[in-house]
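Going down the list, the sequences are from chains C and Y. Plus 777 on top of the position in the first sequence (first one is 1) and you've got this note's numbering. Plus 30 on top of the position in the second sequence (first one is 1) and you've got this note's numbering.
Mixed in with the good hints there might be a few duds.
What the hints assert, rightly or not - Simulated DEER-style distance windows between Cβ atoms:
(1) Y:Leu97 <-> C:Ser1137: 34 to 42 Å
(2) Y:Ala448 <-> C:Ala821: 51 to 59 Å
(3) Y:Leu331 <-> C:Arg1039: 50 to 58 Å
No lab work stands behind these hints: they were computed from the structure. Values in this document were obtained by computation on a predicted structure and should not be read as measured data. Ideal Cβ placement from N, Cα and C applies to all residues, glycine included.
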Amino acid sequence: MFPALTVRTIGLTMVIASAGLVVAAVVDAATTGDSVLVLVLLAAGLGAAGYVAVTRVALPERAPLSSVFGAASAALVALVAVSALPYLLTGELGVADALFEGVAGATTTAATVIGRPEDVDRGLLMWRATTQWYGGLLAVVLALSVLPFLGTGEGWLGQAPPSTRTTERFVRRVWSQVRPVVGYYLGFTVLVAAAYQLSGMGAFDAATHALTTVSTGGFSTRTGSMTDFGAASQWVATVAMFIAGGNVALYIRAVRTRLADRTLRRSVEARLYLSLVIVVGWLVGVSIDGSFADRARIGLADATSLITTTGFVFGRLPGGSAETMLLIVMGIGAMSGSPSGGFRLVRVVALFAYLRREVSRQLHDRAVKVVRVGRDVVDETLLSRMIGFQAVFSITAFIGATLIAIESVSVIEALSASVSAIATVGPVFDGVDQLGELPAMSRAVAAGLMLLGRLEVYPIAIALSAGVDRIDPVRQLRVAERRIRVRLNR
Amino acid sequence: MSDSEIRIRPSASPRTDTGSTVVHIVALGVAAVSAGMVVSAAVDVVVDGGDFAALVGPGLVGGGGGLLAARRTRVAKRLTPRIALITVAATWTAVSVWGAVPYLLADIFPYPDDALLEAVSGFTGTGSTVLVPIEGTGRGILFWRQLTQWYGGMGVVVLAVAVLPFIGVGGMELMRSEAPGPTADRLTPRVGETARRLWLIYVVLTVGTIVALLVTGLSVYDAVAHAFSTVSTGGFSPYDASIGHFDSVAVEGVLVVVMLLGGTSFTLHWLGFARRGGWRTYWEDTNFRFYMALFAIVTVLITASLVADGGPLVGSGRTAMFTVASLLTETGVSVADFTVFAPVAQILIVFIMMTGGMAGSTAGGMKLLRVHVLFLHALREAKRARHPRAVLPLRLGRSVISEPIVARVAGFVMLYVAIGIAGVVVVSLLGAHTELAIGGVATAMGNSGPGLAEAGANLLPFTRPARFVLVVLMLVGRLEILAVAVGIGALLRPLSVAARRVLAR
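Only chain C is shown next, with the shape it has when bound in the complex:
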């Protein structure tokens, strides 16, 4: 029933997850120690089952594009399931709550149903942070290795994809891309954890927050999120979030060439990213009270937290025009090839280039012009797809907002909740503080939006394309032939 590729991917997810569970068990044993048994047993069970799946199922000879994407989606769903299991088995959360927490973890959204994390077992908190770390890793792998083949505009530095390929070559290629990503991701996490500890956080807080910072996740072990920590830690968080929102492929390229490669510096997307953080940070800074240092810190921190779709809280979100700006940049998200969510800046750049072209074409309708992002010419089919994607993304967000509005207290609450969910951010403006506090039905809608947002609304496209299978080119040709003959006979 399930394609072999999907089964292998799920198995791999289970094996990797069991490693995280072991770490969580160790942490739990060293601290509170109430959940050790559950975590260890779960790790053993998942590890064994996953190992069987990976070793016993052979890879298929060829895998069509949709099955590659199916496998990636399955990995996300499997991650949600294994993320939810420990909460459920320790009795910490009920089924619905555990699943929501799992979705929030796997999609790197800072939405939680846990009101006071301080009361929860340390092992579970460690696991909770780890789920976001895995979610971030999955997002980067998706962004760099799978989505480029779908041509939604994500990571188009690669070439146009062939529709089918031998699976082995595909897996080898993905693996060769994933290895440096994992290396970067691990190294970056360790660095951030060290920086957090130096800034005055305890070892446990430093580790968990590092995991949720590099993945642009945003789970915290404190009720007040980042407000519970000092100014130095908040600066560390801001810088780390900013780096995490960048394109991992460009980082790796820059490191490999010892900074000789200028793609990162020349990237229009990177410049837009930096200027957006500064402008929005300034806007937030001027709309809050406090000394200059406080305003600069909180302004930049809020801007970075929402642009990178992390969702750490640094204080009450400001109202007025700062709120408007934050709502907009939250939907856009950070750079492509990062674990952040949302629309991605690269698409904004491309769409603006496209708009310029269309406006000038309106006056000079025979002019031939190409659309460029920086120096790269963007392929026309890709543009066409991106516009389609943009429309599906907007319609999805709108329908989400309408559904959430049924239970919400204000238009802004519904709108920001929908944008926050589809961009995998977490905080909500007006009304509740974050997505986890929404009423039951809205929370379910939000969870759906998070998953769709993480998969770049592609599942909707797949569902809509179901009818296309019925189109048979040979039959169409015959119908056309018959029509022509009828006309000739007249």
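Add chain Y to chain C, keeping to what the hints say.
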């Protein structure tokens, strides 16, 4: 953008031709609305409004001056898209400025920019107001206020059916091919002839509405005033409570039909009645069915939301139907304050404010034709998920839409949204909270009327600079963006040339 390098259709003597054409059309426009001022002055005498001088003065001056200027100028034989767009932008701006003069002379606003806002709101068919309270103002000047909308609607049908499709603004070439029936029945491309036909339909619709409203028992003044603001999908009313003032099912029923007709493509009206195609013409049009479906669905959803909040079924249905007809067609007359509706109803209302009515009608917004095409495009691109190389032509009804037109439509919708987002940012920077800013920009760009939050009745909750931005957005929405962009470009060109010269030294 270096568009000066790729000028494809150079005109023989562009400068003099452009100037003459623009002045000619502007002068005719000013003369026409000045005639309306004189008519309003006559009404003022009858209803004893007390603003006779404020109306008749600019009326005579504008009429005389306009005719004089029109006699001394002529329209160029060949119009390039650029000249046509500049003319359109200049005409709307000049007419609005001139139309604000009676407000200034009657001294009914504290600031001159408020008078301008009221005039632009009228001529763009927006219907947002800063006149508070409305009742108590002279009935003659209020008649002029209603008349500005009627003029605006008159301009828009010509713009939407005769000018924009032939320039192809935002893919509106579609209008040329979308008209059902054999080719010979299409509206003639000659603007003057087409305009006369459209105005005939427009006048017939207006007279029909006046008669229908008289039958429901309205006074002559009220019937004429409301016919002016609904056929044109404008939205002003001489009463503070708008249509709620009458509290009459009959009046609301008539107006729902009239507004929906105003929001229907005038090409369809022409084919349906002047060409005797009958009701089938309408129903055979794919986009008309899309329009009706959207109207029905949103009405049902908002009714459901009102009932869920404890409203009676029939009353809720009545309110919802009127509100949806009013805002889908971007009219803006109201029977209830929708800013107190449940959030879900308000989100749906913002959505229909953005989509607007059919292309080629007096309605504002992005136009359903474009929304429909973009929707089909998104669906098609989604279908390519499994079959990346499938060739899937885009069909609307019987016709296949060519790819460059799809690109233009998509480009227009994105431009609309991009300007909207930029507008929301600017308005909020000028001192409005997010909901207020979103509602204000949606209503201004859609030429709708009421905003969200505190701005349900009028635009006074916005600061004066923010209101000015909304005035610009009303023109941007009404003139389908491009005309304003080209107009501003034309204004800036001498400046940039001068700046370049200075820099070159």
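Against the range 51 to 59 Å, how does the distance between the Cβ atoms of alanine 448 of chain Y and alanine 821 of chain C compare: consistent or not? Taking Cβ atoms as reference, alanine 448 of chain Y and alanine 821 of chain C lie about 54 Å apart, which means the hint holds.
Could you see if the CB distance from leucine 97 of chain Y to serine 1137 of chain C stays within 34 to 42 Å? About 38 Å separates the Cβ atoms of leucine 97 of chain Y and serine 1137 of chain C, which means 34 to 42 Å holds.
Is the hinted range of 50 to 58 Å satisfied by the C-beta distance from leucine 331 of chain Y to arginine 1039 of chain C? 53 Å, holds
Violated hints are absent here; each numbered hint is respected by the structure.
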